[in-house]
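Protein chains in written order, with the working numbering: chain A, 1270 to 1715; chain B, 1270 to 1715.
Hints should not be assumed to be uniformly reliable.
Said to hold, decoys possible - Partial list, computed: chain B residues near chain A (C-beta under 10 Å):
#1 N1415
#2 R1442
#3 Y1457
#4 G1461
#5 T1469
#6 N1533
#7 I1534
#8 L1536
#9 E1614
#10 G1633
#11 N1634
#12 H1674
#13 K1680
#14 Q1697
What the hints assert, rightly or not - Residues of chain A clear of chain B, computed beta-carbon distances all greater than 10 Å:
#15 M1270
#16 P1290
#17 D1318
#18 G1352
#19 D1371
#20 R1390
#21 D1429
#22 N1445
#23 L1459
#24 K1526
#25 T1611
#26 R1661
#27 T1671
#28 L1684
Calculated directly from the structure, the hints in this document are not laboratory data.
Each residue gets a CB set at the ideal place from its N, CA and C atoms; glycine is no exception.
Spelled out, the chains give:
Protein chains: 2
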Amino acid sequence: MNELTCALAAALPDGRVLTDPDVVDSYARDRTFVPPGRALGVVLAQSRDDVVATMRWASEHRVPVVPRGAGTGLAGGATAVDGCVVLSLARMTAIRELSPQDEIAVVEPGVITADLDRAAREHGLMYAPDPSSYEISTIGGNLATNAGGLRCVKYGVTRDSTLGLEVVLADGRVLNTGRRTMKGVTGYDLTGLFVGSEGTLGVITAATVRLRRAPREMATVAAEFTSLRDAAAAVSAIVAAGCQPSMLELMDRTTLKAIDDWKNIGLEPSTKAMLIAQAEGSADEMAALCGAASFVAVSSTPEEAAELIGIRRLAYQAKERLGQCLVEDVCVPRSVLPEMITTIEEVAARHGVMIATVAHAGDGNVHPVFVFDRGLAEPPEEVWTAADEVFRAALDLGGTLTGEHGVGLLKKRWLGLETGPVAAELHQGIKQVFDPLNILNPGKAI
Amino acid sequence: MNELTCALAAALPDGRVLTDPDVVDSYARDRTFVPPGRALGVVLAQSRDDVVATMRWASEHRVPVVPRGAGTGLAGGATAVDGCVVLSLARMTAIRELSPQDEIAVVEPGVITADLDRAAREHGLMYAPDPSSYEISTIGGNLATNAGGLRCVKYGVTRDSTLGLEVVLADGRVLNTGRRTMKGVTGYDLTGLFVGSEGTLGVITAATVRLRRAPREMATVAAEFTSLRDAAAAVSAIVAAGCQPSMLELMDRTTLKAIDDWKNIGLEPSTKAMLIAQAEGSADEMAALCGAASFVAVSSTPEEAAELIGIRRLAYQAKERLGQCLVEDVCVPRSVLPEMITTIEEVAARHGVMIATVAHAGDGNVHPVFVFDRGLAEPPEEVWTAADEVFRAALDLGGTLTGEHGVGLLKKRWLGLETGPVAAELHQGIKQVFDPLNILNPGKAI
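Throw the hints in and build the complete structure from the sequences for me.
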């Protein structure tokens, strides 16, 4: 330890500060390929007071602080910067309160998202936002990125389930935002501002989240298509018919092939896309709306439904068997989903890059996964060129650079294309209000 | 016209600026009793460019600008301040775009909320937020206050339906926030920050709003109860059973009596409360959950449903027949709704004040309406004393000062009780970033 980290350790209970270089390195990255900076140390916060002490110390010594959940981020939001301390919230795992009557929970940032969902289900409730990583990602990280997920086509994203926050500000002061009620309009929406701000405005130490009644009967349908356009047409038909799907997932052939090679799902050579849809009510109606499908499977039991959805949940792991993956995250208006997917295929062909695409199709949120050689330290030039073309195409189609992963470090060079100079100035102004010393996750998100 | 307003008129197309004192006075108030200041004039904006020219002029001459929709606000947000110009957006009434495929619309602020809903319904969609005023209030005012409504128990408030905004900043620059997609996390949530900021951060000149599939079959139930507690218990039962009501309205006896005196709805002497619930699906289940009701009516046709809901929509007008009304707007966790309503009754009795209460019960959002003598210019002291006790009780119960009306001028003296000094400092800091000259609706909301 040096003088700085000694002072930090002295301000905290024993065992909270780690400075062993190998250990510190293991906290320096999320799941992106952005090369991390060298951190001074890691704080394993176990309480709000630990966070307060860390931020006071950081303000006093002007040390950058990089807050961190489970490190499952896909945009470099939790990547260490030179001279920082990494502030891990992963040990703050208390569900402080769960009120079935009020359908709310008060949770600490280190709670695993799926654990909160399971706790809610004991009362017939659910925590709706379910990023694909929900078995390993934390509420804190979900809040930082305003994470989406499969169910958000019906229930909205993390911000839509967040009623209030306890936040430690850059100078160590504690702020409570929002409320415990379903509605409330007192003051500016500071809660919404913190959600999605990627740790640049404050450190969230608790969140009051909204729970929802778990649906009673779910119908699940999986349909195979011989063209992506037919699959996209079924997406539109299911939405337009008012089925209100709580899941509407699309996988392209490259993704299905990767799954089939691994798990032998019996993929037909002619299948170009699969759609997995889930809704309350009748499966037959959704199945009928997949008119052009070459094959439709309907679940009649929860076990069968889990099996159908399980195929989708294998997608990332299956791709990781093929090589290293740059997981991207554009979102377009639903009507141009076919154009977006076609463009991705063209870009892949033009640059000789393997792109396997899954989409939260009901939201127009498309994840092109760029697969590249396992031996490389980071994505090769042609992958970045292809990604650049995909990002620009999404913007040209009226879409956004990131539907649910965040900007982090990874997308900062494209940020201005979407938000423009006026927004950039306002972002910097807001940052200055909350973090005048620029110590909170500097260089990220905005 | 004086020199200032002449310069303003010269910067705008003919006929946009009104300075006749009587006319200006008619734009100086909303529906509250806050005494307005004296405005220099009124701008009737017809385009974004009119707003840009007005804000440039206002910045140059440091003139306060009070943006205004239909003037139906209940917190003094649109009340004129001394030396201001009132900027009316009521003539910007274009629905610029309505895309059934993408389930979005791009609308100008002067569009009447119910008109947007009707336009959406032509395509099987709806615009969900429906403040009680939705036939006379505008989208712009709804955005400024983050208005709620009857349906928001299921579909959320105005912010939840807002994807992006076109905003004219204090200095006349134009900012586009947000997106046209269902999801998106690029940059800070400026869209959410403007919504509910009551015209203090910028002037909204267009909004991209989310439309939703209109539900297919609606079941409507009206139930009468001989005690408020029984009615509140039915609220909890309906929510807990997973009926997912899109309307769950409670009226107390004072309200029902006012309606009965006017429209002869056959109110029984023993009836203390009425609940009106609407949901997709079966009315029988909801009716059964109103087990303690003394009478239950179930609609079997849309006409009958409209009649049942019509009783609720008469509530405010019925009360206005009794005297002048101070309409209040606390919101509490649903589990303490009975305590909140009991407290209101006790406060009414203690101070000899007539309070008629309606509640968006599913949200815990309670509107105690303080009725006072028609001859008075503003609410008498005992009404304010009673209101103060109601506000403090709501906060003590874990609630908020305002569920959907906003802070405006009316609630500024209570604001600090809810948000505290740290939030106040951040509010002022944000205000300074967006409006360094403090010309946008100064003195309101924060």
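Just pull the numbers of the violated hints for me, sorted ascending. 6, 7, 8, 9, 19, 21, 22, 23, 27, 28
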